[in-house]
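Protein chains in written order, with the numbering used here: chain L, 341 to 557; chain E, 11 to 410; chain A, 88 to 339.
It cannot be assumed that every hint is accurate.
Stated by the list, open to error - PhoX-like cross-link-like pairs, simulated, lysine-lysine; straight-line CA separation at most 25 Å:
no.	chain 1	residue 1	chain 2	residue 2
1	E	K313	A	K230
2	A	K181	A	K273
3	L	K459	L	K470
4	A	K94	A	K273
5	L	K389	L	K493
6	E	K290	A	K164
7	E	K94	E	K139
8	A	K164	A	K94
9	L	K427	L	K374
10	A	K230	E	K404
11	A	K273	E	K313
12	L	K367	L	K444
13	A	K149	E	K313
14	L	K553	L	K374
15	L	K355	L	K473
16	A	K223	A	K94
17	L	K489	L	K444
18	A	K326	A	K181
19	L	K403	L	K355
20	L	K389	L	K427
21	L	K553	A	K326
22	E	K313	A	K282
23	E	K313	E	K283
24	A	K94	A	K149
25	A	K273	E	K221
26	E	K404	E	K139
27	A	K205	A	K181
28	L	K473	L	K530
29	E	K221	A	K94
30	A	K174	E	K313
31	A	K149	E	K223
32	L	K489	L	K473
33	E	K313	E	K404
No lab work stands behind these hints, which were simulated from the structure alone. Remember, it's a predicted structure, so these values are computed and weren't measured experimentally.
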Amino acid sequence: MTNRTHFDQELESLKLSLIQMGDLVIKNIHLSLKSFLDMDSDLAESLIKADKEVNDSEYAIEKECMRIILREQPVARDLRLITSILKMITDLERIGDHAVDISKLTIFMEKSNEPFHVKEINHMVEVSEKMIKMALESFVNHDLDLAEKVIEKDDIVDKDFYTIRGLVADAIRESHIDADYAIYLMMVAKYLERIGDHAVNLAEWVIFSILGKHVSD
Amino acid sequence: MSNKRKRYDFIMKTITYVASSVAIIILFMIVFFVVRNGTNLLSFDLLTSDYHSHVYNGGIDPVTDFSQTSKPDHLTDEDYYSQKWGIALSDGEGKQGEERVIVSFVAEDSPLNHMVNRNDSNDEDFQIKEGYIIQMIKFEGRQSALEIYGAQYMINSLEEVDTFRELVFAEVGGGIRGSLLTTLYTIGLTLIVALPVGIFTAIYFNEFANKNKFTQFMRTLIDTLTGVPSIIFGLMGLAVFVPLTVRYTPATSGNILSGSLTLAVILLPVIIKSTEESLKVVPDDFRQASLALGANHTQTTFKVVLPSALPGILTATLLSIGRIIGESAALIFAVGTAIKDDISIFGKSTTLSVHIWSLLTDEPANIPLATTIALIILMVVLGLNLLVKLLSIKFMKKFS
Amino acid sequence: MSQDVFKIQGLNLWYDDFQALKGIDMFIKQNEVTALIGPSGCGKSTFLRCLNRMNDLIDDVKIDGQVVYHNQHIYQKNYDVINLRTKVGMVFQKPNPFPMSIYDNVAYGPRCQGLKNKEQLNEIVESSLKKAALWKEVKDRLKESAMELSGGQQQRLCIARAIAMEPEVILMDEPTSALDPIATLKIEELINDLKENYAIVIVTHSMQQAARISDKTAFFLMGELIEFGDTDFIFSTPKHEQTENYITGRFG
Chain L
341 MTNRTHFDQE LESLKLSLIQ MGDLVIKNIH LSLKSFLDMD SDLAESLIKA DKEVNDSEYA
401 IEKECMRIIL REQPVARDLR LITSILKMIT DLERIGDHAV DISKLTIFME KSNEPFHVKE
461 INHMVEVSEK MIKMALESFV NHDLDLAEKV IEKDDIVDKD FYTIRGLVAD AIRESHIDAD
521 YAIYLMMVAK YLERIGDHAV NLAEWVIFSI LGKHVSD
Chain E
11 MSNKRKRYDF IMKTITYVAS SVAIIILFMI VFFVVRNGTN LLSFDLLTSD YHSHVYNGGI
71 DPVTDFSQTS KPDHLTDEDY YSQKWGIALS DGEGKQGEER VIVSFVAEDS PLNHMVNRND
131 SNDEDFQIKE GYIIQMIKFE GRQSALEIYG AQYMINSLEE VDTFRELVFA EVGGGIRGSL
191 LTTLYTIGLT LIVALPVGIF TAIYFNEFAN KNKFTQFMRT LIDTLTGVPS IIFGLMGLAV
251 FVPLTVRYTP ATSGNILSGS LTLAVILLPV IIKSTEESLK VVPDDFRQAS LALGANHTQT
311 TFKVVLPSAL PGILTATLLS IGRIIGESAA LIFAVGTAIK DDISIFGKST TLSVHIWSLL
371 TDEPANIPLA TTIALIILMV VLGLNLLVKL LSIKFMKKFS
Chain A
88 MSQDVFKIQG LNLWYDDFQA LKGIDMFIKQ NEVTALIGPS GCGKSTFLRC LNRMNDLIDD
148 VKIDGQVVYH NQHIYQKNYD VINLRTKVGM VFQKPNPFPM SIYDNVAYGP RCQGLKNKEQ
208 LNEIVESSLK KAALWKEVKD RLKESAMELS GGQQQRLCIA RAIAMEPEVI LMDEPTSALD
268 PIATLKIEEL INDLKENYAI VIVTHSMQQA ARISDKTAFF LMGELIEFGD TDFIFSTPKH
328 EQTENYITGR FG
């Protein structure tokens, strides 16, 4: 029992809220890609509404961080923790927005557009979901190595993006792909690539909270 | 409340009230007695006139100018006036009830102002004054006028003659000027010796000395001395200070100086103790602050600690004065008991309290005068106590 | 590059048998505020009092090691302690003005050094009170007793009194712990201004105060100096776990 058990409990509860927000965002990405590939506009609509929950989470966590700063005057590792959480929810919220962007594309799409399957796209989602999960896990466990692995994994996502770009460009040249669909597909790929970058930000903030300094490649 | 408690409560309260009442009544009675009996003789004359009566013998050269002054208005029918001699006499009573003839008025142009001193001694104060008494007038070829014949007879006799052989007049005495002066000298001398020695000793013990067994022992010694009966100090005064002063000063026996030295020794432990207490009360913060400013130990002690302790030291001084006034046993030996009118530091005398002792051991004891002196002492001590209280309040402000 | 005013090496101190300071190595720089923090009884006040040899006043104190002030070992034999104290001033936890007038309080130090000239004294009193941010409040009542001032004013008076000696270093032993929050803030502002001209070493129980006003912080624990460095560094990324546990309030 330390002198600040109550404060420690508040911090634990804050961390938990962050994880929950992360889980929510991961779910939304997954479903948004599904809605795109299945061309399910109903699912897409419901996801756009679900994003409100993500935004509410961000506000709630932000408010709690401000309150703790006011009440507990954190220093050293506590201060780094709170600061990192404040920055991480921004990145999570942006990830959530990208999921919404993908859903919006689904809605704009018409049944007439022919799908063009690229397995890399599923791969991108898989990896970026993993990256977010790993980043949050490294945050909870103060795992510096795990956080660094997240940064490395972004290369895979980037590589997938360039592969998809090449494939789509070839398909366009050989007229194997519906023009509208090609553009939607590229946009989705771009959003997923951005999600990967945000996941890297998450990992960088985790490193900051542990080491107290930034690592920028 | 249970009965047992009620009873206990009642008993304790009663005891408290009764005891307080007894104490208050006793104190009251003492004060009452002193005031009632003392005020009789209280007068300005008492404080300024001599104790011993002086008898003067006056003769007169052939008078050429007699007085022209007529009887002044302020004189009554009880005053018998001789315009020729410019003197008014009245009948009065002495301390033991004897008859006296008192001079109630002397005119400026009275020939009696130019009497010739028939005594061998050089009486400086050879002058007939109001308040003096005339014991007898010897005439040429007639019966002398004695004081038992009364004022009127004396005036009538005077009126019938142009000269006389001898006029015996006297200053009655009974005044306490001598003892009053002695008391003041004693206070002054005692304080001059005791205060510096006591204060500096206390400063040494409290501020400079190392705390070790030796200083502890000295402290115990000083504490013990405060309890010693003052008559033992009187013994010391008689055995040490009297011979000392006789040897090195014009003194020839017990004198005010030896008395003051004795009193100084009596007061020394008290002054040391109270000064030390005052010094102890000064917060250590002041010493630390002073030293931290680059003052040395001496500056700290004399510029900060001592001034702060001054209220306490002042109080101790005033209470010492009270003690000096009240001290009698030691002085009886260290000075002597001869009541004097001409006071010198190297001469014998009595302080007020010794004077009381002297009056009470006379045959018969002069209780009225003793009571009056007691009243005076009481008033002085009361005044000192009030002064102490006032100063304490004023100085308290400086600290809070 | 600011100079080292004090350099402390291997300082040990014993109160009788109890070792209160163990091998302290540190330095104090000009124009900086150095805060000494640590739990009760850790030695920070003891260390502070070594710098102006106020520990000499306590019986049974033994000191070992070096305290160097401007290339002079202050604990060497025959060192002029009185002079040291004119250059290294001290302000105490409980404001302790002398029971004299405000003027006499401030003039006390210079007078002890022999200064008698009225004009010079007036000047010193005025400038010291101005530097201590007290002049405006008391300029019309310099002859009044210092005891009538409020707690915060009295503490500023004590600071003025120390400044009147024109010291180089001002040592402060928990100067605001006996004051209300507003008075505390005023004094912290003052310390901020003072560091332009003096080196200040301040013992404080309040982490927030140390973080607010100091440039360097030294963390003491049970007589040892655990960590010493820039305040920003110590309060964001302390090197030692003990330091972090103390400043985050997890212990102590």
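(request) Against the earlier hints, flag every one the structure doesn't satisfy and list their numbers going up. (result) Hints 4, 5, 6, 9, 11, 13, 14, 16, 17, 18, 22, 25, 26, 27 and 29 contradicted; others consistent.
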